[in-house]
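J.: Each chain, letter by letter, is given below.
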Amino acid sequence: MNLSRRDFLELAAVLGLTATGGDALAKLAKLKPEEIFQFKPVGTVTLLHICDLHAHLKPLYFREPSTLLSHPSLVGEPGFLCGEAYLEYYGIKKGSIRQYFDTAVDFVELAHKYGKMGGVAHMATLVKQIISERGRDKVLFLDSGDTWQGTAVALFTNAKAVVDVQNALGIDVMVGHWEFTYGKDRVMELIDNHLKAEFISQNVLDSMWEERVFKPYTIKEVGGAKIGIIGNSYPYTPIANPKEFIEGWTFGVRMDTLQELVDELKNDKKVDLVVLLSHDGFSLDIALAKKVKGIDILFSGHTHDPAPKPIFVGNTMIVIAGSHGKYVGRLDLEVKGKKITKYNYKLIPVASNFIKPDPQMETLINNHYKPYEKKLNQVIGKTQTLLYKRDTFYSTFDRVISEAIKEETDAEIVFTPGYRWGTTILPEEEITVDNIYEMTAITYPDVYRFEMKGSQLKMILEDIADNVFNENPLYQQGGDMSRLLGMEYEIKITAPMGKRLRNIYVNGKPFDPNRYYVLAAWGGNLHRAGRNAKKFRPVYDIVIDYVKRKKVVAPPLKSNVKVIDINCGCPKKGGICP
Amino acid sequence: MDRRNFLKTMSIAVSVVAVSPTFSKKAHANPDKFQQALMKITGGKTPTPSDKVQLKAPEIAENGAVVPIKVLVNLPVEQVKAIHVFAKDNPNPYVFSIYFTPQNGRAFISTRIKLAKTTVVHALAELNDGSFLEASQKVKVTIGGCG
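Protein chains in written order, with my numbering: chain A, 209 to 786; chain B, 87 to 233.
Hints are computed from structural coordinates only; laboratory data are not their basis. Fair warning: there could be bad hints in the mix.
Unchecked claim - Below, simulated SDA-like cross-link-like pairs (lysine to any residue); rule was C-alpha separation at most 25 Å, straight line:
1. Lys200(B) - Trp417(A)
2. Lys451(A) - Gly150(B)
3. Lys498(A) - Gln140(B)
4. Lys156(B) - Gly456(A)
5. Lys666(A) - Lys200(B)
6. Lys499(A) - Asn160(B)
7. Lys142(B) - Asp414(A)
8. Lys119(B) - Pro704(A)
9. Lys138(B) - Leu682(A)
10. Lys224(B) - Asn678(A)
11. Lys224(B) - Asn733(A)
12. Lys423(A) - Ser196(B)
13. Lys200(B) - Arg736(A)
14. Lys156(B) - Asn680(A)
15. Lys661(A) - Pro177(B)
16. Lys781(A) - Asp314(A)
17. Lys666(A) - Asn149(B)
18. Lys224(B) - Met416(A)
19. Lys661(A) - Gly150(B)
20. Lys499(A) - Leu161(B)
21. Lys661(A) - Ala202(B)
22. Lys404(A) - His576(A)
23. Lys200(B) - Ser415(A)
24. Lys224(B) - Gly706(A)
25. Lys499(A) - Pro154(B)
26. Lys156(B) - Asn178(B)
27. Lys156(B) - Glu468(A)
28. Lys498(A) - Lys142(B)
Predicted model, so just to flag it, every value in this text is computed and none were measured.
All chains, please: the whole structure from these sequences, using the hints.
T.: Now the structure itself:
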């Protein structure tokens, strides 16, 4: 930890110390960094939770969205909350480490102050501290999935690096989504031969006989309480990702069988608490908790929301722990007579600069990186503007990727998927090969060029918009709009399906529904709907070469999409702008 | 293009253009075809929405060509004459009918149906007293696009 005097003062402010020159420095000198992570333990049960690590074993910068829009009836509440509206909703102090971790407000400035986030070696220190404080028998560690995919080291080792790290971290139970993109054989091999955690899912079935592929639940004794944990993997895996990886398996939310399992755990297995470990997405889980009765705690994932406080739907407590290893959720419980009588929850920021990394974990991670280090650490260029991934319609790193694909394929319109995983690079910083993989490391990386009739393209965009903006969360897939280069449009979020997009322009000319356009896309199924599809190189190779050629990138910050019915990126409840 | 092919093309075009987001009867994609198909089965009787009819279908279909659905009529099988299924916005909204005898044990069917696009699926139970009960659910058919 190399803190300047200014950092010391800032840290003093975080910790609520009086920042008066030598006095503060003296206090800080005595302070253990762990004290930022103070927590008042409760009862005998500690449930730790991570979600959407996306294979980020090392610390990174990751900026939360400055635009997170959906139907006005959903925005401004947990699930669709960002920026100033988020700070106001949770009562977060300006300039605090919480603001830095949870929002995009003053991101670059705060990044220079607080440094990188996450990193499993840093997380391991926190976890070990909690376990030594509580005792291993009182701690259960849950992982909501999207853990195995998202970085080069995960891709190159077919997820083995991440599984080893999960084992060392002590993950007890997990569910999945992007895990499945390694293909079902590899998934089964890792689960059967390497993963120490139990992989559970009640909603993954053999499509012919509708028999379950995984154990639907597991029962664990934690701190004297009998806890039944049911798993829900991502219900829309076969729609969001290529079907061939999971040929013969069927998914879905499956609320009816979920209800049966909740009842079975309560009535037949006589558990004290029923937990749902899910990768459904935060807003879908909020809707689910209104329909499925008897879940005590729901650990959500998929939509990457940081939520510092639990929300309650009836008697169901719902939490979600952000993404990219930025947080560990800690829930302490006192359980009496099959009821939670006391709880304390904290979404602990893994503030890497203030935590000493666990040496064993650091060695394990470094060993996995070693064979690829030379390739991945190679500096290929520099950025002048902030490169980031999140936001509903447009992001700067996606713009760089789209420009690279446009140069390679000479397409009129380039599609880049609206995934929520990736990385952030600060202005004037170097871009490495590793960074490009952080944005593109998937098992189906090929870029396709193809032709599609305007009317069909419009229909597909309307379809994607309905997956993002449907007012019923059960019909949403929990992602963002595909990013488009070469096309500008206006969107009315509240318009009915098929009528949201208007005033569409392609490279400055009015959109023609009867004309065929040349498109390029990656990371989806789009090319299958087009004609004359031609396969190009993997997206990461295209982008690496592009950045090498350009040396310096400076993508514009302005979005190509104009929203008609909401006037800001982070509205409060009802779509009102702060 | 002969007249028959022309009409065929037209009917598909109509069903693709007019997408209805609401369940109101006014805003049907192809109200005539759906209402006509319904009329053929019900003879003009209005089905009563009922929780005695349980329709299980995915919220979002994994593959529109084979959408798994299950219909259970929670009444003694002796009271149930048939289950009829409609996909409102399919080019041909009538999907199937299945008739029961007491030997069936219970009024239940599990099968897969084809959906052309996002639509409401209607399951009607025709009872032996001549009345109709109904359950319906929207099933979204999408090509996907996010992860």
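J.: All the hints need checking, so say for each whether the structure fits it.
T.: Quick rundown of the hints versus the structure:
1. Proposed proximity of Lys200(B) and Trp417(A) is supported: the alpha carbons are some 19 Å apart, at most 25 Å.
2. As the CA atoms of Lys451(A) and Gly150(B) are separated by approximately 13 Å, the hinted pair is consistent with the 25 Å bound.
3. Using a Cα cut-off of 25 Å, the hinted pair Lys498(A) and Gln140(B) holds, with the two alpha carbons roughly 19 Å apart.
4. Between Lys156(B) and Gly456(A) the alpha-carbon distance is near 19 Å, which keeps this suggested pair within the 25 Å criterion.
5. Restraint check: the Cα-Cα separation between Lys666(A) and Lys200(B) comes to about 23 Å, which is no more than 25 Å; the hinted pair holds.
6. Between Lys499(A) and Asn160(B), the direct Cα distance comes to roughly 20 Å. Compliance with the 25 Å bound is thereby established for this hinted pair.
7. Between the alpha carbons of Lys142(B) and Asp414(A) the distance comes to roughly 17 Å, so the proposed pair stays at or under 25 Å and holds.
8. Proposed proximity of Lys119(B) and Pro704(A) is supported: the alpha carbons are some 22 Å apart, at most 25 Å.
9. A distance of roughly 23 Å separates the Cα atoms of Lys138(B) and Leu682(A); the hinted pair therefore holds under the 25 Å criterion.
10. Restraint check for Lys224(B) and Asn678(A): satisfied, since their Cα atoms lie roughly 13 Å apart, inside the 25 Å limit.
11. Taken as a hint, the Lys224(B) and Asn733(A) pair is honoured in the structure, with Cα atoms around 24 Å apart against an allowance of 25 Å.
12. With a CA separation close to 24 Å, the supplied pair Lys423(A) and Ser196(B) stays within the 25 Å bound.
13. Between Lys200(B) and Arg736(A) the CA atoms are separated by roughly 19 Å; this keeps the pair inside 25 Å, and the hint holds.
14. Between Lys156(B) and Asn680(A) the alpha-carbon distance is near 23 Å, which keeps this suggested pair within the 25 Å criterion.
15. A C-alpha spacing of about 22 Å is found between Lys661(A) and Pro177(B), which places the hinted pair at or below 25 Å, so the restraint holds.
16. At roughly 23 Å between alpha-carbon atoms, Lys781(A) and Asp314(A) fall within 25 Å of each other, so this suggested pair holds.
17. A threshold of 25 Å between alpha carbons decides the hint, and for Lys666(A) with Asn149(B) the separation of about 21 Å falls inside it, so the pair holds.
18. Restraint check for Lys224(B) and Met416(A): satisfied, since their Cα atoms lie roughly 23 Å apart, inside the 25 Å limit.
19. Restraint check for Lys661(A) and Gly150(B): the C-alpha separation of about 21 Å stays at or below 25 Å, so the hint holds.
20. In summary, the hint linking Lys499(A) to Leu161(B) is supported, as the alpha carbons are separated by about 24 Å, within the 25 Å threshold.
21. With a CA separation close to 19 Å, the supplied pair Lys661(A) and Ala202(B) stays within the 25 Å bound.
22. Annotation: proposed proximity of Lys404(A) to His576(A) holds, straight-line Cα distance about 18 Å (limit 25 Å).
23. As the CA atoms of Lys200(B) and Ser415(A) are separated by approximately 16 Å, the hinted pair is consistent with the 25 Å bound.
24. For the given pair, Lys224(B) sits about 16 Å from Gly706(A) by alpha-carbon distance, which is consistent with the 25 Å threshold.
25. For the hint linking Lys499(A) to Pro154(B), the alpha-carbon distance of about 21 Å falls within 25 Å, and the restraint holds.
26. Our distance criterion of 25 Å between C-alpha atoms is met by Lys156(B) and Asn178(B), whose separation comes to about 20 Å.
27. Restraint check for Lys156(B) and Glu468(A): satisfied, since their Cα atoms lie roughly 17 Å apart, inside the 25 Å limit.
28. Proposed proximity of Lys498(A) and Lys142(B) is supported: the alpha carbons are some 18 Å apart, at most 25 Å.
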